[in-house]
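**Student:** Sequence:
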Amino acid sequence: MNMKNYLILCAAITVVVVIALLYIPGVADTVEGIMLTFLASNAA
Numbered sequence: 002m003n004m005k006n007y008l009i010l011c012a013a014i015t016v017v018v019v020i021a022l023l024y025i026p027g028v029a030d031t032v033e034g035i036m037l038t039f040l041a042s043n044a045a
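Take 2 as the starting number for the sequence shown in the working numbering and just add one per residue.
Worth flagging that the hints you see were computed from the coordinates, not collected in a lab. Quantities reported herein were computed from a predicted structural model and do not represent experimental measurements. All residues carry an ideal CB built from backbone N, CA and C; glycine is no exception. Treat the hints with care, as some may be off.
Unchecked claim - Simulated restraints, written as ranges between beta carbons of each label pair: (1) Val16 - Met36: 29 to 35 Å; (2) Val19 - Phe39: 16 to 22 Å; (3) Leu40 - Thr15: 18 to 24 Å; (4) Ser42 - Asn6: 15 to 21 Å.
Given only the sequences and the hints, what does the whole structure look like? Please build it.
**Tutor:** Next comes the structure, spelled out in structure tokens:
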């Protein structure tokens, strides 16, 4: 996979994730919970 295709793939994944976070409440809640768990477990 060359660099151009890799950047296009990353951009497409980013757009899909952002749209899912904005318009699907269950996905947003799940991601928020995972992030909070990660941050709480790694807090110093």
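**Student:** Which numbered conditions among the earlier hints are violated in the structure presented, ordered from lowest to highest?
**Tutor:** Of the numbered hints, 1, 4 do not hold.
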